[in-house]
Amino acid sequence: MAESGSPVRLTGWGRTAATRATLIPVSGEDDVRAVLDGRSARGVVARGLARSYGDAAQNAGGDVLDMTGADRVLDVDLATGEVEVEAGISLDRLMTLFVPLGLFVPVTAGTRYVTVGGAIAADIHGKNHHRAGSFAQHVAWLDLLLADGTIRRVGPDQDADLFWATAGGMGLTGVILRARVRMKPIESAQLLVDTDRTPDLDSLLSLLTGTDHLYDYSVAWIDCVARGRRMGRSVLTRGRFARRDELPARRRVDPLRYSSAVTVSVPDVFPPGLLNRATVAAFNELWYRRAPRQERDRLQSIPRFFHPLDGVGDWNRVYGPRGFVQYQFTVPFGQEEAMRAALERISDSGSASFLAVLKRFGDGNPGMLSYPSPGWTLALDVPVVAGLAGLLDGLDRLVVDAGGRIYLAKDSRVRPDLFERMYPRLEAFRTVRTQVDPRGVFTSDLARRLSL
Amino acid sequence: MIDALGSVGSLLLVGGTSDIAVATAHRYLAERPLRVVVAARDTPRRGEVAADLTAAGADVQVVDFDADDPESPARMVAEAAAGGDIDVAVVAFGQLGDADRLRTDSEAVAQIGHVNYVAPAVVGTELANRMREQGHGVIVALSSVAGERVRASNFVYGSTKAGMDAFYSGLADSLAGTGVSVLVVRPGFVKSKMTAHLPDVPLSTTPEAVADAIVTGVRRGGTRCGCPAPCAGS
Ligand SMILES: Cc1cc2nc3c(=O)[nH]c(=O)nc-3n(C[C@H](O)[C@H](O)[C@H](O)COP(=O)(O)OP(=O)(O)OC[C@H]3O[C@@H](n4cnc5c(N)ncnc54)[C@H](O)[C@@H]3O)c2cc1C
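So the protein sequences, as listed, match chains W and S.
Numbers given in our numbering equal positions in the first sequence, counted from 1, plus 1357.
Numbers given in our numbering equal positions in the second sequence, counted from 1, plus 972.
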């Protein structure tokens, strides 16, 4: 039965702002209904693999549903490439099961340890956004358990408003139980990758603008420590899945062979002081130098190309006990100066950040709180240090004035009043949410923090 | 909710007209707009504080609080929480008393014991209950160095602060693992309206410096902070 929950302190991936809730494992709709029946006055929210950085999957004083036990595959149609799965299944598991059958997930985050429910609730984007859009665009339908215990099947062409409030809706419309996902056919488990080093931001942006459409996947790593002339120097990697006949002979025998990398853990005792401007600068220098100036058609495995960080388990611990935040924002095309200014402020602040990632987005979708919109997106990890709140509040203002926005799945600190200005469809979202959940049963720390 | 970087969405000031409480609200308001609940007796000063904080960008709610009334703490906390979660509560009321009179007047002793120890302990208990239910929150208790080493010159006052300090330190331990934390702040001699009639003392501090220490302490997320650094000098 579902009331076997236990009180725990929960955080997101950034390990900040812990709050206490009752975590209840659920394996299906009956369990979820039981929680709704006996729920606390503080409401309920679903939680997947907790890879969102902030407080989206937390609910202080209330109930949190651990969805990861609901992870079955319910139906597979190899002809159309559609799979029907429970929402707690991870993209990792989907890859293990389906890559050997010639099907890849339509969109993957920089980690494969996210659930399908989390992927829809944050409407995640990948390196193929400019081509394929975000995750929800590959969902034929999903079953949503509402506050009153009923289940509604919604999709882009059935109950579209509720579907587009749920895609990107951060778990606040109900619990996603199942979804039918259109997978991407592949002939091999290898990618053909082109790498280019660019000496500064301008050269990166113009290379992306001119040639991004030629690649299925593309992303740039930016050296955030480099300043002056070299500001924005980057390593750009772009690629596509190889066809079977493009593989070397020995790989053609078993082209869809897939294994995820072995993981090693960063010890808990990793000294937080180790990450400073000097060590990050050294790391970045090495990373930049190590990358080939220009390389074409290099074969890379799926984990290597998509999820290099998954090779290091628990790397979020390197930032030490105070945790870290990720700042991810987008600005529209034509607002490159705002992005440059943001990058300058970050590198001038001396906040040690490696793993700054830049990508060019394609069109957005009708998701009311979906993050991607045409323009540039930059994401960077920053350890929590004194003065960071002021720096990031300043960046928010810059971003909002440029017509841009921040990403809720990464957020743990945006100003509520500025957030409202970033998402013009917030009111539409609130209207749908009030219709399906008039008493606000589904809520989270994120929802409280931002008065969503 | 207190966010990842220690910014605060709502602030309850118990003894909301105290200089330290008001300075703390201003310190937060300098960063962002937020909800501030001013809990105090219905005096003209309360109205001024509310107007002042509103002008500084706060969404102000005023609730009655009277340390002499045993029913008041529970009612005050419930009213403050009706408008949403309480992220940070600053317990900032207290009396210095007249040291000479307190040496001989047992009624005055009972009275200051109530205002400085009993009432804060009752408020702390009500706040802790509420925040335990919330699953998060920080209680900031304004103690004093006078309670750390009780001096003969004002030992009655010191003893009430010692009791109050011990209560909140114990409360901090009892709340481990609940998502709620307690910050005990022990400023030195603070130049404020409470001490305006006393002669200047070397090493005194200001309400603004104490407010800074509070904001930093909440941001650091620790359970206790001794005499905050800025209180020692300046
Ligand atoms: C290393 C790393 C790299 C990342 N890279 C990317 C990236 O490239 N692109 C990108 O878009 N994101 C990226 N992310 C963010 C991540 O993809 C999202 O936060 C995603 O939502 C995490 O899924 P999860 O299962 O861990 O969900 P959680 O973090 O557990 O929850 C996220 C949200 O989904 C809701 N939710 C979860 N399950 C359900 C359900 N069954 N029903 C209803 N609501 C539900 C929760 O309530 C919460 O609001 C990255 C994160 C990390 C740690």
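Rather than coming from a laboratory, the hints here were simulated on the basis of the structure.
All values derive from a computational prediction rather than experimental measurement.
Incorrect hints may appear among the rest.
Taking beta-carbon pairs under 10 angstroms as the criterion, some of the chain W residues facing chain S (in silico) [unchecked claim]:
(1) Gly1362
(2) Pro1364
(3) Gly1369
(4) Gly1395
(5) Ser1397
(6) Gln1415
(7) Asn1416
(8) Ile1508
(9) Ser1769
(10) Leu1803
No residue lacks a Cβ here, since even glycine has one placed at the ideal position from N, Cα and C.
Hints, one by one, checked against the model:
With a least beta-carbon distance of about 13 angstroms to chain S, the hint placing Gly1362/W at the interface is violated under the 10 angstroms criterion. The interface hint given for Pro1364/W holds, since its Cβ lies 8 angstroms from the closest Cβ of chain S, which is under the 10 angstroms cut-off. Because the beta carbon of Gly1369/W sits about 9 angstroms from the nearest beta carbon in chain S, less than 10 angstroms, this interface hint is met. Because the smallest distance between the Cβ of Gly1395/W and any Cβ of chain S comes to about 16 angstroms, over 10 angstroms, the interface hint for this residue is violated.
Taking 10 angstroms as the C-beta contact cut-off toward chain S, the hint placing Ser1397/W at the interface holds, the least distance being around 9 angstroms. Nearest Cβ of chain S to the Cβ of Gln1415/W: about 9 angstroms, under the 10 angstroms cut. The hint holds. Given hint, Asn1416/W at the interface with chain S, holds; its Cβ is 8 angstroms from that chain's nearest Cβ, closer than 10 angstroms. Of the supplied interface hints, the one on Ile1508/W is violated, with its beta-carbon coming no nearer than about 29 angstroms to a beta-carbon of chain S, more than 10 angstroms.
At its closest, the beta carbon of Ser1769/W sits 4 angstroms from a beta carbon of chain S; the interface hint therefore holds under the 10 angstroms criterion. Taking 10 angstroms as the C-beta cut-off, the interface hint given for Leu1803/W holds, the closest approach to chain S being about 8 angstroms.
Hint compliance for this structure: hints 1, 4 and 8 are broken, all remaining hints hold.
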